[in-house]
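Trainee: Model the full structure from these sequences, guided by the hints.
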Amino acid sequence: MNGTSLALAGFRGTADKQKKLIIAFLLIVFLFVLGQVTVSNFMSFAQVLLTIKLASFIALFGLCQMIVMAGGAAGLDLSVGYTATLTAVLTASIMDGQNANLWIAILVAVGIGLVIGAANGFLSAYVKLPPLIVTMSMSLIVQGGINVYTAGADITGKPSPVLQTLAAKSTGVFPNILFVLLIVTPVVMIVLSRTRWGLALFGAGTNETAAFLGGVDVKRVRFASFVISGLLASLIGLLLLGNMGLAFKDMGSNYVMPSIAAAVVGGVSMTGGEGNYFGVILGAIFLQTLTNLLVAIGWGDAGKWLGFGIVLFTLLIVYVSDRRVR
Amino acid sequence: MGTLRKFLAKPEFSILLILAAMLVLAAVLQRNFFEAKSLGRTLNAFTPLILLAMGQAVVIISGGLDLSAGSALSLLTCVLTSVMHKASPETGAYAIAAALAVAIAMGIVNGIGMGYLRIPSVIATFATSYIWLGAALFLRPTPGGESVAWFKLFYDVKGYAKAPPALKACAVFVPPALVLVLIGCLFWLFISRTRTGRYIYAVGSNNTSAYESGIDTAMIQLRACVINSVFIFLAALFFVGQNQSGDARMGDPLTLRAIAAAVVGGIALAGGRGSVFFALIGALILSLVNKIIFFANIPYPYQTLVSGVIVIGAIASSLAYTFYSRKSMTRRGKLA
Numbered sequence: 001m002n003g004t005s006l007a008l009a010g011f012r013g014t015a016d017k018q019k020k021l022i023i024a025f026l027l028i029v030f031l032f033v034l035g036q037v038t039v040s041n042f043m044s045f046a047q048v049l050l051t052i053k054l055a056s057f058i059a060l061f062g063l064c065q066m067i068v069m070a071g072g073a074a075g076l077d078l079s080v081g082y083t084a085t086l087t088a089v090l091t092a093s094i095m096d097g098q099n100a101n102l103w104i105a106i107l108v109a110v111g112i113g114l115v116i117g118a119a120n121g122f123l124s125a126y127v128k129l130p131p132l133i134v135t136m137s138m139s140l141i142v143q144g145g146i147n148v149y150t151a152g153a154d155i156t157g158k159p160s161p162v163l164q165t166l167a168a169k170s171t172g173v174f175p176n177i178l179f180v181l182l183i184v185t186p187v188v189m190i191v192l193s194r195t196r197w198g199l200a201l202f203g204a205g206t207n208e209t210a211a212f213l214g215g216v217d218v219k220r221v222r223f224a225s226f227v228i229s230g231l232l233a234s235l236i237g238l239l240l241l242g243n244m245g246l247a248f249k250d251m252g253s254n255y256v257m258p259s260i261a262a263a264v265v266g267g268v269s270m271t272g273g274e275g276n277y278f279g280v281i282l283g284a285i286f287l288q289t290l291t292n293l294l295v296a297i298g299w300g301d302a303g304k305w306l307g308f309g310i311v312l313f314t315l316l317i318v319y320v321s322d323r324r325v326r
Numbered sequence: 001m002g003t004l005r006k007f008l009a010k011p012e013f014s015i016l017l018i019l020a021a022m023l024v025l026a027a028v029l030q031r032n033f034f035e036a037k038s039l040g041r042t043l044n045a046f047t048p049l050i051l052l053a054m055g056q057a058v059v060i061i062s063g064g065l066d067l068s069a070g071s072a073l074s075l076l077t078c079v080l081t082s083v084m085h086k087a088s089p090e091t092g093a094y095a096i097a098a099a100l101a102v103a104i105a106m107g108i109v110n111g112i113g114m115g116y117l118r119i120p121s122v123i124a125t126f127a128t129s130y131i132w133l134g135a136a137l138f139l140r141p142t143p144g145g146e147s148v149a150w151f152k153l154f155y156d157v158k159g160y161a162k163a164p165p166a167l168k169a170c171a172v173f174v175p176p177a178l179v180l181v182l183i184g185c186l187f188w189l190f191i192s193r194t195r196t197g198r199y200i201y202a203v204g205s206n207n208t209s210a211y212e213s214g215i216d217t218a219m220i221q222l223r224a225c226v227i228n229s230v231f232i233f234l235a236a237l238f239f240v241g242q243n244q245s246g247d248a249r250m251g252d253p254l255t256l257r258a259i260a261a262a263v264v265g266g267i268a269l270a271g272g273r274g275s276v277f278f279a280l281i282g283a284l285i286l287s288l289v290n291k292i293i294f295f296a297n298i299p300y301p302y303q304t305l306v307s308g309v310i311v312i313g314a315i316a317s318s319l320a321y322t323f324y325s326r327k328s329m330t331r332r333g334k335l336a
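Line by line, the protein sequences give chains Y and V.
Residue numbers 1 to 326, in our numbering, belong to the letters of the first sequence in order.
Residue numbers 1 to 336, in our numbering, belong to the letters of the second sequence in order.
If you are wondering where the hints come from, they were derived from the structure by calculation, not from laboratory data.
Don't be surprised by glycine CBs; every beta carbon is placed ideally from N, CA and C.
Wrong hints could be hidden among the right ones.
So these bits of chain Y aren't anywhere near chain V, every CB distance computed over 10 angstroms [said to hold, decoys possible]:
1) M136
2) M244
3) D301
4) I310
5) F313
With beta-carbon atoms standing in for the labels, derived distance ranges [unchecked claim]:
6) Y/K249 with V/P143: 17 to 25 angstroms
7) V/D252 with Y/V110: 24 to 32 angstroms
8) Y/S40 with V/L178: 57 to 65 angstroms
9) V/S192 with Y/N207: 32 to 40 angstroms
10) V/D252 with Y/M244: 19 to 27 angstroms
11) Y/L114 with V/R198: 42 to 50 angstroms
12) Y/S40 with V/G144: 44 to 52 angstroms
13) Y/A153 with V/T142: 50 to 58 angstroms
Mentor: Structure (C-alpha cells):
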C-alpha cells in the first residue's frame with residue numbers, strides 16, 4: 001500500500017467516526033424540533049440550559065462506560081450508579097455541610113472507588129468473567145451495603161458548600177457543572193489519544209492479539225480501566241450529592257442505563273477500540289432531551305425506559321450488528 | 001472401578017454432592033424440612049427460579065445470554081393481570097393466550113437481535129430488558145391488578161374452593177408448583193430429542209463450524225430464545241397464581257440469580273456444554289443457600305449483600321472448578 005492510499009484509508013476512518021457524531025447531533029436537533037412542534041416553549045434558552053445541566057451527569061457517568069467499553073471484551077460497568085450512591089450516602093455525614101471536611105470526603109470517595117473498581121477489574125480482566133455479570137453482582141453487593149448502612153442509621157448530613165457551588169449553582173446563566181465538563185473533556189481527550197496508556201487501551205479494544213504482540217499487557221490495561229471507572233463513579237457521587245443537597249438510597253442507580261445508552265448513541269463501539277468523549281456528551285444531551293419530551297407528553301417513567309430501550313436497541317442494530325455475508 | 005472413577009471426576013458428581021450437603025444442612029437447621037407440608041412450601045418458594053434457570057440454560061447452551069428474563073417475567077405478570085377481570089372467569093383463558101403470545105414475541109425479538117442481526121446477546125438483551133420494563137410500567141405503573149379466582153390453581157389447589165375433588169386429591173401428592181416444573185422438564189425432554197435440541201448444542205459450542213456444516217444458526221438461536229420464553233411464561237403463571245397481582249419490577253432480581261443457578265449447575269457460559277436438568281439442580285442449590293442464610297438469622301438488610309456475594313462467588317468458583325478439573329484431567333491424560 002503506498003502512502004497516498006494509506007492516508008486515504010486514514011481519512012476514510014476519520015470520516016466514518018465523524019459520521020456517528022453527525023448522526024448524534026442530527027438526532028438532538030430532530031428531538032428539539034419535534035418537541036417545539038408538540039410542546040410549547042420546549043426550545044427556550046432556559047430549557048436548553050436545564051437540559052444540558054441534567055445531561056452533564058449522564059455524560060460524566062458515560063465517561064466511565066466509555067473507558068471500560070474502549071478496552072473491548074464486552075466491557076460495561078453497571079455498578080457506577082451504586083458506587084456513586086454509596087459514596088454520597090457515606091460522605092454526606094462526613095462533610096455535614098462543612099468545607100473543612102471536604103478533603104476527608106474526597107479521600108473516602110477515592111477509597112470506595114478504588115476498592116469497587118479493583119474488584120470489578122480483577123474479576124473481569126484476570127478471572128475473565130463477563131464484565132456485565134461481574135458489575136451486575138457488584139451492584140447487588142454495593143446496594144446491599146447501602147441497605148445495611150441505612151438500616152443501622154438514618155442518612156444525615158449535607159454536602160460541603162464547595163460541592164454545592166460546583167454541582168448545583170450557576171454562574172450567570174450557565175450552570176457550573178458545565179464548566180466541570182469543559183475541564184474534564186479536554187483532559188479525557190488528551191489522556192485517551194495522546195498518552196501511552198490511552199493508546200494501549202484502544203489498542204486492546206481494537207485487536208487484543210495485536211496489542212498483546214505489540215507488548216501491551218492487555219489484562220492490566222483492562223483492569224486499570226475498571227479501576228478508573230470505579231474511581232470516577234465515586235467522585236461523581238460527590239457531585240451528585242452536591243447537586244441534590246442530600247443523599248438518598250437510590251440517587252445514582254437511575255443513571256446506569258442512560259450512561260450506557262449515551263455512550264452507544266455517541267458512537268462508542270460496544271466491541272471496543274473506538275470512542276470519542278464529545279460523542280458521549282452529545283448522546284447524553286440526546287437522552288435528556290428525549291426524557292424531557294416524553295415527560296412533557298405525559299408518558300413519564302414508563303415512556304422513558306421504553307424510549308431508552310428502543311433507542312438503544314435500534315442503535316445496536318445500526319452500529320453493532322454484524323451483517324457481513326459469510 | 002474405572003467407570004466409578006470416571007463418574008467421580010465429572011463435574012456433575014460434585015454438583016450432586018453439593019446439593020446433598022445443602023439438603024443435609026437445611027434439614028439440620030430446619031427440623032421439619034422433610035415433612036410434606038414444609039417441603040411443599042419450600043418447593044413453592046423455589047419454583048420461579050427453577051423455571052427461569054432452565055430457560056436461561058437453553059439460551060446459554062446455544063451460545064447466548066438473556067439479561068431480559070426478569071423483566072420479561074414482570075411484563076408477563078402485568079399482561080396476565082391486565083387482561084383478567086375478577087368477575088368473568090373466562091378472561092383467564094384469554095389472559096393465558098395473550099401472555100403466551102407476548103412471551104413468544106419477546107423470544108422472537110431477542111432471537112432476531114442475537115441470531116439474525118448478530119448483536120452480542122448480552123447487550124441486545126440488556127436493551128430489550130428496558131423495552132419490556134417500559135411496557136410493563138405502561139400496563140401497571142404500581143403493583144396491582146386483578147386475577148380470576150381459578151388462577152390460584154397454579155399455586156395452591158386448596159386455595160380455590162370450586163376445584164374438582166379429584167384435582168384436590170391429586171394435589172396432596174403433586175403440588176401445582178411441581179406440575180409446572182414437570183411440564184418444563186417434559187418440554188425440554190421433548191425438544192432435546194429433536195433436531196433443534198441437538199443443533200442448540202452444536203451452535204453453542206462453535207457457531208461458525210455449525211454454520212459451515214449447514215445449520216441455520218440464526219434460526220436455532222431464535223428457537224432457543226423462544227424455548228426460554230416458554231419457561232418464563234410458566235414462571236409467570238405461577239407468580240400470578242401466588243400473588244394474584246402483577247408487578248413491573250418483581251422479576252429484576254431473578255435475572256442474575258437464574259444465570260448464577262445455571263452456572264452453578266455446570267452450564268458453561270461459553271456455550272455448548274451442560275445439561276438443562278442440572279440448571280434445575282443449580283437453582284435448588286442456590287435457593288437452599290438462601291434458605292440456609294435465612295435460618296442462620298442474618299438480619300434482613302444484610303441479605304441483599306450476602307446474596308450478591310454468593311452469586312458472584314458461585315459463578316467464579318464454578319468457573320474456576322471447570323478450569324482446574326480440565327487442567328488436572330489433561331495432566332492425568334498425559335500420565336496414562
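Trainee: With reference to the structure, classify each hint as holding or not holding.
Mentor: A quick look at each hint next to the structure:
Interface exclusion of Y/M136 from chain V breaks down, the closest Cβ pair being 5 angstroms apart, not more than 10 angstroms. Distance check for Y/M244 against chain V: the nearest CB is about 23 angstroms away, which clears 10 angstroms, and the non-interface claim stands. Annotated as non-interface, Y/D301 brings its C-beta within 10 angstroms of a C-beta of chain V; the closest such distance is 6 angstroms. Chain V draws Y/I310 into its interface by the beta-carbon criterion, the shortest separation being 6 angstroms against a cut-off of 10 angstroms.
With a minimum CB-CB distance of about 4 angstroms to chain V, Y/F313 fails to clear the 10 angstroms threshold, and the non-interface call is violated. Range check, Y/K249 to V/P143: Cβ separation about 19 angstroms, and the 17 to 25 angstroms hint holds. In this structure the hint that V/D252 and Y/V110 lie 24 to 32 angstroms apart at CB holds, the actual value being about 31 angstroms. At roughly 59 angstroms, the beta carbons of Y/S40 and V/L178 sit within the given window of 57 to 65 angstroms.
At about 38 angstroms, the beta-carbon gap between V/S192 and Y/N207 stays in the expected band of 32 to 40 angstroms. Taking 19 to 27 angstroms as the suggested C-beta distance range, the pair V/D252 and Y/M244 conforms, at roughly 24 angstroms. Between Y/L114 and V/R198, the C-beta spacing of about 48 angstroms keeps the proposed range 42 to 50 angstroms intact. A C-beta distance of roughly 34 angstroms is found between Y/S40 and V/G144, which places it outside the suggested range of 44 to 52 angstroms.
Range check, Y/A153 to V/T142: about 29 angstroms between beta-carbon atoms, so the 50 to 58 angstroms window is missed.
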